[in-house]
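Q: The residues making up each chain are set out below.
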Amino acid sequence: MKKLSLLIMAMAVIAPAAFADGGSFSGTMDFFYAADIKNDAAYRRDERFDLNYSAAMEDTRIKADLRAEEDTLKLNDPTSKFYSADENATVYLREGYISQDINFGGGIDSINFRAGRIIYTWGNADELKPVDILNPQDYTFLLFKPIEERKLGVWSADATVYFTQDIFLEGVTIEEFEPDEVENSRIFNIDSAETAQLNVTNSIQPDMNNLAKPHYALRAGAELFGADVHAIWYDGYDYEPAFMSQLTSNPLLPVASTVYYPEIQMIGLDFQRALFSGISVRGEAGYFIKGKTFALKDTNSPNPADNPFLYSLVTGGNGFVEKHLVDVTAGFDVANLFVEKLYMNAEYNGEIMADHTGDIQQDEAEHTILATIDYPFFDDKITPKLRCLYNINDNAFAAGAEAAFKISAPYSITAGVWIIDGKKNSYYGEFSDNDLMYLEGTATF
Amino acid sequence: MKKKIFAFALSVLFVLPAVRLSAADDGLTGLQIADKIEASNVSSKGLVTKAVLELKNIASQDAEKRGCIMESVSENGLKKAAFRFTDSSYRGTTFLTLDKDGGDKITYIYLASVGSPRQIEASDRENNFVDTDFSNEDLGGSNTADYTYTRLADKKIGDMDCYFLEKAPKNKSSKYSKYQMLVDKTSFIPVMVKAFDKTGRLVKTIKMDNIKKVSDSIYVPYGITVVDVDKKHSSVITVTQAAEKQVNKGNFNKNKMDMKWPEE
Numbered sequence: 002m003k004k005l006s007l008l009i010m011a012m013a014v015i016a017p018a019a020f021a022d023g024g025s026f027s028g029t030m031d032f033f034y035a036a037d038i039k040n041d042a043a044y045r046r047d048e049r050f051d052l053n054y055s056a057a058m059e060d061t062r063i064k065a066d067l068r069a070e071e072d073t074l075k076l077n078d079p080t081s082k083f084y085s086a087d088e089n090a091t092v093y094l095r096e097g098y099i100s101q102d103i104n105f106g107g108g109i110d111s112i113n114f115r116a117g118r119i120i121y122t123w124g125n126a127d128e129l130k131p132v133d134i135l136n137p138q139d140y141t142f143l144l145f146k147p148i149e150e151r152k153l154g155v156w157s158a159d160a161t162v163y164f165t166q167d168i169f170l171e172g173v174t175i176e177e178f179e180p181d182e183v184e185n186s187r188i189f190n191i192d193s194a195e196t197a198q199l200n201v202t203n204s205i206q207p208d209m210n211n212l213a214k215p216h217y218a219l220r221a222g223a224e225l226f227g228a229d230v231h232a233i234w235y236d237g238y239d240y241e242p243a244f245m246s247q248l249t250s251n252p253l254l255p256v257a258s259t260v261y262y263p264e265i266q267m268i269g270l271d272f273q274r275a276l277f278s279g280i281s282v283r284g285e286a287g288y289f290i291k292g293k294t295f296a297l298k299d300t301n302s303p304n305p306a307d308n309p310f311l312y313s314l315v316t317g318g319n320g321f322v323e324k325h326l327v328d329v330t331a332g333f334d335v336a337n338l339f340v341e342k343l344y345m346n347a348e349y350n351g352e353i354m355a356d357h358t359g360d361i362q363q364d365e366a367e368h369t370i371l372a373t374i375d376y377p378f379f380d381d382k383i384t385p386k387l388r389c390l391y392n393i394n395d396n397a398f399a400a401g402a403e404a405a406f407k408i409s410a411p412y413s414i415t416a417g418v419w420i421i422d423g424k425k426n427s428y429y430g431e432f433s434d435n436d437l438m439y440l441e442g443t444a445t446f
Numbered sequence: 038m039k040k041k042i043f044a045f046a047l048s049v050l051f052v053l054p055a056v057r058l059s060a061a062d063d064g065l066t067g068l069q070i071a072d073k074i075e076a077s078n079v080s081s082k083g084l085v086t087k088a089v090l091e092l093k094n095i096a097s098q099d100a101e102k103r104g105c106i107m108e109s110v111s112e113n114g115l116k117k118a119a120f121r122f123t124d125s126s127y128r129g130t131t132f133l134t135l136d137k138d139g140g141d142k143i144t145y146i147y148l149a150s151v152g153s154p155r156q157i158e159a160s161d162r163e164n165n166f167v168d169t170d171f172s173n174e175d176l177g178g179s180n181t182a183d184y185t186y187t188r189l190a191d192k193k194i195g196d197m198d199c200y201f202l203e204k205a206p207k208n209k210s211s212k213y214s215k216y217q218m219l220v221d222k223t224s225f226i227p228v229m230v231k232a233f234d235k236t237g238r239l240v241k242t243i244k245m246d247n248i249k250k251v252s253d254s255i256y257v258p259y260g261i262t263v264v265d266v267d268k269k270h271s272s273v274i275t276v277t278q279a280a281e282k283q284v285n286k287g288n289f290n291k292n293k294m295d296m297k298w299p300e301e
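Protein sequences, first through last, are from chains D and G. If you're matching positions, the first sequence starts at 2 in my numbering and goes up one per residue. If you're matching positions, the second sequence starts at 38 in my numbering and goes up one per residue.
By construction, these hints were calculated from the structure, which means they are not laboratory data. There could be a bad hint or two in this list.
[What the hints assert, rightly or not] Computed list of lysine-lysine pairs in DSSO-like fashion (alpha-carbon distance at most 27 angstroms, straight line):
#, chain 1, residue 1, chain 2, residue 2
1, G, Lys-215, G, Lys-192
2, D, Lys-382, G, Lys-244
3, G, Lys-269, G, Lys-93
4, G, Lys-269, D, Lys-386
The structure displayed is predicted, hence computed values, not measured ones.
The following block holds chain D by itself, in its conformation from the complex:
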């Protein structure tokens, strides 16, 4: 809280000078308090202050988001990268970059360069976004917070050539590696039933000094028959951890595993198109041709012939196999479902593995349905919202209901509940200890 107070005071001092200079400060204060429903205990207190600076001078723009945060869930957890033994808050640059436009009049409309810590938004689906993989995410919020709020900026450079305002080619090179925030023991219990064999001993992060290893993305965009379409190529690291296991000589710990972040290659596509009667279709798909690994089945049998995972280890494997994967999300929005302003979004997500074999733990195809409904009323001051993700394979779900009350344009309060259920080793069921009720207050200035 000390850092938070200092930041607020610094902002109060700097703001007048910044306004005089043509730039402007704005900010958001967010207070999130959650209670653990199952254990009738405090779950999380997350207080955030985002100080935003933005400036635009002719064709040059500057944007920065400095975040001060005190999050009991991360700061009390030594496995979190935000943990600090002698501090009770953290301050970091969530996003900050400079952007320069160069306008032309001929065959090229303009070129835009950006450099700094950037949050990218690629793809047109919601939440389950196969091609929106340029930024690590804070998964400690699971899906309670929207994806844009979960993302963390990456130091990178971005150049976009606009041949017309609709046709462009964009190239990104990413110069740092920051894994997804998933090593939080409160949320991600990797010793759970599903991964009992994964006694993680260490973690290997990519060496970003090795320039021989590419970490870049390309995107081409065009408007085709009224649809916005993008083709994407990504060659870089996966922010999600993967595992490799090996046998040890320790009888108490016969298997040890290592977390690593594989290099992945993906070809992607996304689109959006407004159709009729307030309906729009949107979707995206990624075909991963490198780096997606899947655990072999562990039957707990000591006989390798009956246990694919053990068989892999004794024959020199690491318990995992790499496969091509198609990850696709497609769905539609209805702006006015039955009554004005009743909004519904429904999407399907499928993960389809190529060359699937029976000894792989994950099904050949995983199917998930996501639905969101909200309806603002009372001069849009109150907005109830329902969200549900249902995994068909595991019959597991995560569902949330909340009501947001807009006190006035800068102030709002939201109360809600999230329930997660399913078999303990299922897609969502592994997080079923995270049912919570929450109260959130937001103020902007």
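Let chain D serve as the given structure and place chain G on it in line with the hints.
A: Same frame as chain D, but now just chain G:
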């Protein structure tokens, strides 16, 4: 008596055609006037308008103010228009309308919480822009091809000569049956628009006043009031600054809707 009858007959012969002539002496049809409305008050350099938007519940008198900025430009006869909130929790929420070849329009909304522009469907253009009483179409303009226009007898508001138009949506699923518009003949600004629902009941009014000339060919209404009759709610835009000036064409690029404008 015969002289009086003769004089009356003369007046009928000469004056009435003159009256009729004054109603349509320019020979413009309703559609042509609508096209002129769309083509007027646009600039190839750019038009930047800063304003304060006040949302008011007429019954309770609860009111809320927000800053906003509007920019438009015309390129090769195609208009691009953008509207953005500049403060409050709606800061950065941006609405973009782009004319396409063939008279069609494509519209996008950008919300910071989504992070990328969302295409809006045509019937969605009749819906209100976030929590205001302005429809998406009010902000971005309408496709003249989506309506049939009838020109009625011209009217005068004070000393302002106005065209009087009635337009009806071709789309049967439209929530409106017709609009009546009074259009200032000098500025081609619709100074009063009334929208009627399917039963013919007045449900919405738009009034534009305090029209000022900001350049040789551009007029801007410094006051725009939209009233939702059913909800007893109004949205009032009070322009604080309007100027024709060079704007960055990138401000109208859907892929740059998250970027700050120098004019903000």
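Q: All the hints need checking, so say for each whether the structure fits it.
A: Okay, the hints, checked on the actual structure:
no., hint, result
1, Lys-215/G to Lys-192/G, "holds (19 angstroms)"
2, Lys-382/D to Lys-244/G, "holds (25 angstroms)"
3, Lys-269/G to Lys-93/G, "holds (9 angstroms)"
4, Lys-269/G to Lys-386/D, "holds (25 angstroms)"
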